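Please model the entire structure based on the sequences and the hints provided.
Just so you know, the sequences run in chain order A and B. At position 99 of the first sequence the residue is numbered 99 (the numbering used here), and the sequence of numbers has no breaks. At position 154 of the second sequence the residue is numbered 154 (the numbering used here), and the sequence of numbers has no breaks.
Hint data in this document are derived by calculation from the structure and do not stem from the laboratory. Note that this is a predicted model, so its numbers are computed, not measured. Hints are not guaranteed to be accurate.
Stretch-level coverage of chain B by chain A, calculated; a stretch enters the list once three of its residues show a Cβ under 8 Å from a Cβ in chain A [stated by the list, open to error]:
1. 111-125
2. 142-150
3. 251-264
Ideal Cβ positions, reconstructed from N, Cα and C, are used throughout, including at glycine.
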Amino acid sequence: MYPNGNHALKDVNLEIPTGMFGLLGPNGAGKSTLMRILVALMEPTSGEVDICGYDLMKQRKEIRGILGYLPQDFRFFAKYKTYEFLDYAARLSGINRKSFRKKAVDEMLENVGLFDVRDRYANKLSGGMKRRLGIAQALIHHPKVIIVDEPTTGLDPEERIRFRNLLSEVSENDVTIILSTHIVGDISSTCNCMALMNKGEVSFFGSPQDMLKQAEGKVWRIRVSSDELHEVDKQYPVISTIPSGTGWEVQVVADEVRGYEAESYTPNLEHAYVYYMENKLNRWRND
Amino acid sequence: MEKRLKEVACEMSFITNIQSVAKYESKILVRSWFFRIFTLLAVAFLGFFNFAMLLMEDSGGLWFEKSVASNIPYFSLLLLNTGQAVVAVFLSSEFLKRDKKLDTSEVFYVRPLSNAEYVVGKIWGNLRVFLLLNVLILGIVMALNFMAPGIAVDWQAYFIYFFLVSLPTLIFIIGLSIFLMLLLKNQALTFILLLGYIGLTLFYIQDKFCYLFDYMAYNLPLFKSTIVGFSSPELMLNHRAIYLFAGLGFIFFTIFLFKRLPNARRSHYPWLFLSLCMFGVAGTAGFRHIRLILEEGEVRALYTSINNKYVHTPKMVIDCYDISVEQKPESIESVVTMKGAALAASDVFTFCLNPGLKVEEVREGEKALDFKRDKQILLVDFGRKIEEGDTVSLSVRYAGRIADNFCYLDIPAEVLQEPYEKELLKIDKKYSFQTPDYVLFTPETYWYPRPGTAYSDVSPDWQQTYFSRFRLDVKPLPGLVAVSQSGNAPYQSVSLIIGRYEQKSFESDSTLYSVWHIKGHDYYQAAFDSIRDTIPGLVRNLRDNLERTYKLSYPFDRFSVVEVPAQFYSYVRSWSQAQEVVQPEMVLFPEMGCMFNQMDFVRSKKNQLRWAKRGGREISEEEAEIRTLNSFLWIFSQTEGNYNFSSGSRGKFNISSQSNPYLLFPELYNFRYNIYSSAWPVTNRIIELYLQKKADNNGWEREINGISNNEKANLLMEKQSFKELLSDVEHRDLLNNIISLKGYSLFAPAEVNIGVSLFRDSLYAVLKRNEFKNIRFESLLDTLGMISRSDIRSGISAWERPTPLPFYTIGQPGVTKVTNKGQESFVLKQLVSNNSDYDGMLQLDIQARGNGPDIDPRTSRKLPLAAHQTKLLVTVWEDAPLQVDVNTLISGNLPNVLNLPITNIPEERERTVDPEGDFIVQNFSPEAEGEVIVDNEDALFSLSEPAVVGLLPKWLDKVEDTSFKYAGVSPWRAPLQWTATTNAAYYGRYIRSAYVIKSGNGNQTATWKVPVPAAGQYDVYYYVSKDNELKYNKQAGGEYHFKVAYDEESEDAYIDLKKANEGWEPLGAYYFSGDTIRITLTNECKLRSVTADAVKIVKRY
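Set out below in structure tokens:
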């Protein structure tokens, strides 16, 4: 709860299954707060959280034992080398035997493609490498629940794809990965279950397909002149504007389009997200 | 079983987690440049320091560290500890800041370890690196120590000091700094606060409040003797416990406050509880520490009050003591048989025995006597009246341990608590020792019953000590040897020393000279191999010198130097020069001579050879050994010891010296004579100081201080009576001077009557007649008064009042060479005036050439000078006198002593030689007509406002002693403000003073307003004095810049100091028509300092 009485999270009621779970929402929707509560960095003012049968209020130690966490900000390191950082995380997660730990660390470094830079100080790694080190430390102890907060922000497309694939691979091992993001693509390519958060509340819960379904027949392609473009932008939420010959090809989401020659278009998750925000939550115009 | 397994696993993970966090925290610390540089500096500095001290051939000094091997780790750790305390503050507060700053820290917070594991791990990580650094340094020091030839290694001490000094300090400062960091959430603020705290404890609080705040153990006495080890282990451990537990308290509190959700709800509360427990323990230890010290003060006050209660009760004088003592591991058992005479008729007589000793039985022959004990007092009831002068015999059986806090009841608490230190290391002050291996009881402990009471602050009656015959029978524990007085002469009191002693001795002129050293401490023997036969002669020389200097002979047939633990401390008493380190027939010398660098005989010998070589003259081994031995013997004949140099704010210096406790004067005087008065406790001291002709601090010391101790004493005596000053703790250090001046003035009339040397001889004769007897001061004065035909005793009446100080004008002595009929004579004339309303006395010493074996009485004499009297002193000499020294004794003159050299000797022919005598000059006026002098002491003199100084210097200045107006100044580092100082070279009618300031840009000025008697032509003069810069630096030179403002005009005037003569130097000639002129001197000068003294205008006719 903020000092002004507003709630960062309100009436959040979710049951997250195993596999990849996507938490989508605009900036400030409360995703990170939810994540921080789930990893026991913050205490909720009220409510209950149950993770793998453990009560978060009472059994933090047990929960911390089965959690892996990659925070949103993961840039600044103490003066540790890459393998030391991972070794430290492994030790604190209870991998006490030195030989086990060394093997685990080396394997993990291999998996995330950091073995060659294992002796480099973590601070000197590139942004993508740092993220990979981040996921490596979250996975080092084979947690049952992995919580990653905005992991792909700031990564180049290649690194982003690599990162998604890494998560997908892990998700096959009967674990729950909670991926918080505001990048729709992260979810569409990896998650089989997702929730949409807005203003601290869960406004959608289901599969990405369910979300797509709601947007079917609501995405339109309109060809307009330059003068009309302005009008269209005022009337409908515009997803993309592509110049074409004499005018513009515009994609909009709407229940129906009047006054323009519109052609229905097969929606993707991004369209569904915009449709949902605009029409279901009436967010688009209000903001 | 399963539960137990779980518990074990839990404990294991607790330790493993701590180790994991610690490992990586240590890594960060070791990788930080700050720590690396500190380590490098610490290793380099301490390594080099110890190398130089222990292994380098030509390094001198630090014998204190080398002679007592435990001091080597103690010294190194003390230095390291100060540094690491500062560094630890920074580095440990850093970890919380780092956790806050680094966003990656959160991935460790979500691990299953507990807050306690995390915080403790972090602290342990920091701590262990520092501990390793300590181990590394100690390892280096130990290796060097091991390699050093002739220096023992105290293995134990390395561990003990590590646990006593480093560990509690580190735990405390790390705990405190992370706690503050968590509370304040700001590293800079935490750092400033802690540095302030460290600075405050190091430089300001220091040993105040019984060194309670001394968390670094900088002031806590931790000296470990080679004879008795630590002398106050309880106090020491208790003090360190304060900081160890307070540190743990802070650490546990930090766990409680740590900003991370605990693993289980409320799992952090036990840490709060634990932290409060630790604070509780620390508080209790602190309270105990204060209690231990305050209780001592209370007990001491109680002892004194009990002494006061019994001080006037009847007592005996004991003629014969028969003491038999048996040493037990933890106590002594004694039977003392005394034969004495009653000093007053009574049934009950008062004795004093250390309150730690329990009296079991008192008998008179076969009859058991009733007795009562009131702490130290033993009241023996004979069951019948013993008439005055009747002789009785009694024996007392007692046992127990000596209460050390019974000693030195006369010494004020602040003096008792003054630190005893040598080269940074602090030593415990102990007055007696009683361990299974070692015993040292001096008379101060009252280890056997003595008649009367111990120190009383209501009556000096307690001081009345008598000479008795002693027979001592000691049964020490196996392997130990007892040392005491021989019993061949009467003593006022005796001491008992038991230890693993070995004796080295020789006999010379029927006196047995011995060194009693502890087994294994015979390092000194090898150093004097080649002069073994010469040693008796050298010792004889020392004895002859002392006997000649003080005109007194050594009365005993033995003399021993006995090695005692360095913690053994003695104080200067107001009533006697004798301190406890000097006992009849013996000197108690600190173990291995550790307090004296010249006791490093091997190195001293090498130094002697080297110095001689450097001086261009090679000396033989024997000669070097002789010189080395003499420098040791010098310890027993030098009057001052322990020069203490301090400098206040820039340019103000102070040097003080204490009288040397090892001076053997008491052997010649105090253990042989006793002068006693019921009214005045210091009568013995008066005679002592008078016989020693104790000179006031000589020139160089006065020059540094700007005022001598005698001068200070005079200024105090003007305000307070002698009686008040005797109990004035603040000016204890001046007591010698005050007493000595009182003695001089008391005997001055007698000296005037029969001459100084005759009077002294009379005093010696009276003393000799009363050897080993008590002399009443009043009757001594009567006897001396009769001899000298003067009323000395009446002088005492003035002691109840402050002393009004006369002021004298001392003229320049002039010598004229008169040749008459081929006969050459030198006529010395000098004018002296007493310008005050009080009669006074001067001491005149004339340094004349060609004095024969008989001392000319005219060369040293007292001159009475009545109020407002002027005398012309005329003496005639065969050779030209060199200098006249005038000591104004009790006077307001500054400097008190003027050394007036005679430079110019004009010649006059064919005239009769002036008659000798002291001629009273009537209506003498020192001022010449038409001459006006304005001195810096006058109201017409003013100084410019001082330059703005920072708050800190101002604050520091306030702490300085400002009870005396004049300070010492040095031209090499001149004061930044105008500072008053005195010197014979300055002008002044009574006070030859001036203001000195560092040269600058001319914005600081001194101004003399000079009244002009009448309009006319005037010569203007300035009084020039040359300071050390001009005297010793041939290159130095510069002009003083003056501005002469008159009749609305202002002219610049200059004096070239190098060319100028000392004294009145002309500034120029002016026509003044107005009634006042202003002469201003600026501080603009090429010399280092500028001196503002006096100006003079002289009208031309």
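A quick look at each hint next to the structure:
1. Judged by the Cβ-Cβ criterion of 8 Å, the segment 111-125 of chain B is covered by chain A as claimed, because 4 of its residues qualify and three suffice.
2. Residues of the segment 142-150 of chain B lying with their CB closer than 8 Å to a CB of chain A number 0, which falls below the three-residue condition for coverage.
3. Against chain A, the segment 251-264 of chain B contributes 5 residues with a C-beta closer than 8 Å to a partner C-beta. That satisfies the three-residue criterion, and the hint holds.
Checked against the numbered hints above, the structure violates only hint 2.
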